[in-house]
Amino acid sequence: MKRGISLYSFSGDIQTGAMTVEDAIRYSAELGADGIEIVAEQHLPGWPNVSADRLLSIRRLCSELGLEIFCFSIYLNSLNRSDRPATDDEYVEMMRRGIAACMVLGTKIIRPAYFPKSPEHLASLVERCIPMLKDAGVVWAVELHAPFPPAFYTQTLEAVDSPWFRLIPDFSCWQKAGAAGHFQANDPSTLIPLLKWTVHIHAKGHTFDENGEEPNTPYKELIAILKEHGYEGSIVAESEGWIFNYHPTKEVTKTHFELLKRYIDA
Amino acid sequence: MSGNNQIQMPQMPKEAAYGLVEQFRTLGKRVAFPGHDIVLDPENGCLQFELRDPWYTNIPVACVEDIKLTLDGREIPADSIEFVIRDMAIPFRYAVNLHELIWSMGEIAVIRAKTDVSGLKAGSSCRMELEFEIRTPFEGYHLPNNRIRYLFDETMTFVGKEGGMQS
Chain A
1 MKRGISLYSF SGDIQTGAMT VEDAIRYSAE LGADGIEIVA EQHLPGWPNV SADRLLSIRR
61 LCSELGLEIF CFSIYLNSLN RSDRPATDDE YVEMMRRGIA ACMVLGTKII RPAYFPKSPE
121 HLASLVERCI PMLKDAGVVW AVELHAPFPP AFYTQTLEAV DSPWFRLIPD FSCWQKAGAA
181 GHFQANDPST LIPLLKWTVH IHAKGHTFDE NGEEPNTPYK ELIAILKEHG YEGSIVAESE
241 GWIFNYHPTK EVTKTHFELL KRYIDA
Chain B
1001 MSGNNQIQMP QMPKEAAYGL VEQFRTLGKR VAFPGHDIVL DPENGCLQFE LRDPWYTNIP
1061 VACVEDIKLT LDGREIPADS IEFVIRDMAI PFRYAVNLHE LIWSMGEIAV IRAKTDVSGL
1121 KAGSSCRMEL EFEIRTPFEG YHLPNNRIRY LFDETMTFVG KEGGMQS
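In the order they appear, the protein sequences are chains A and B. The first sequence begins at 1 in my numbering and counts up one residue at a time. The second sequence begins at 1001 in my numbering and counts up one residue at a time.
These are computed hints drawn from the structure, not numbers from a lab. Misleading hints may appear alongside valid ones.
[Stated by the list, open to error] Sample of chain B residues with no beta-carbon within 12 Å of chain A, all distances over it, derived:
id	residue
1	P1034
2	D1041
3	E1043
4	P1060
5	R1086
6	E1100
7	E1107
8	I1108
9	E1131
10	R1135
11	P1137
[Said to hold, decoys possible] Coverage of chain A stretches by chain B, computed from C-beta distances (three or more under 8 Å per stretch; other residues unrestricted):
id	region
12	191-201
13	254-264
For every residue, glycine included, the Cβ atom is placed at its ideal position computed from N, Cα and C.
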């Protein structure tokens, strides 16, 4: 499997200006990542109003450093406007811009964060976007994240049944209950039936102990499952502790990425 | 797809939702104030300070919904406050209309209040209580009503215009 780092891990320092996006990309290469994930609303000031030139400069830098841009994340915001929620046409427009950015970046997977209204709604949006996705060669990968249970998107994935609609499991689904927002622990084996749709994975981390382990997340079991089942997609370290318990993100991300490598190489 | 298979929304326990509010407030507290100066501008009858987007993503300016600013116990009327972004001064109450203007993650805006500053002295400090509410443009955070109200309580220092920031 291809291993990398989500630039989300550095956002606690990008936000304050302590790091630039370029610093984060270079550091990811230094740590030995095969690729990165970019979050539009964090790493592209002004998004969705971003120039092709800016996107190309990121693509060029990644190319020079030998990094693939595994995934481009955007948010399907329903509440941009004060007077009404987003319409389906507006969601499709958000996707159009995201897919166009993927084409410029050379990215094959887009993660549109979607707050579920119903399986039917998600399926109808995906189906409207499939012609664009197909033309661009970009896969819509829906992110499965706590507190939603592992099987949450199964029905929609089966109903759409398209190679242009796939899944990004986030390890938060298998974290121990207790941390805010993570009240529902799930058995690691519930990852197995999801692998047939999985194209990318968020290896979530919130805190690390003195041995470099993430005590809330069953990394050993989850990575073993990926290896046993021959998972060949990408996986990125996605550290999130900076939101509520800031430590310099380079140090934290190094610990996190080493943990990931340790279990993949074991 | 069958319309009978309604998605089962997990119910976020209240304590978990409350925990998320506190986590995001912790982040806001860490990042919102790049400095602790309030710049006095007696010539134009205003004061201003810098405020970084306290949320963890870009947000449309339309998500900036409410403000309550108190300096040493004196409340500045919200109608006299402007939200200044990239040199565009927007009456605070009008900001909710601007959904295409983006306040980027990490971007520093300016809160400017038209008020009598003649009694305020450069070099002195004050207690600033700032209640600042945003609507989250993405609704997946399980926050009450998709809003977060930051409650900042900061010690600020008044400075003259020359020694301070530019808006």
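Hint by hint, which ones does the structure fall short of? Of the numbered hints, 1, 4, 5, 6, 7, 8, 10, 11, 12, 13 do not hold.
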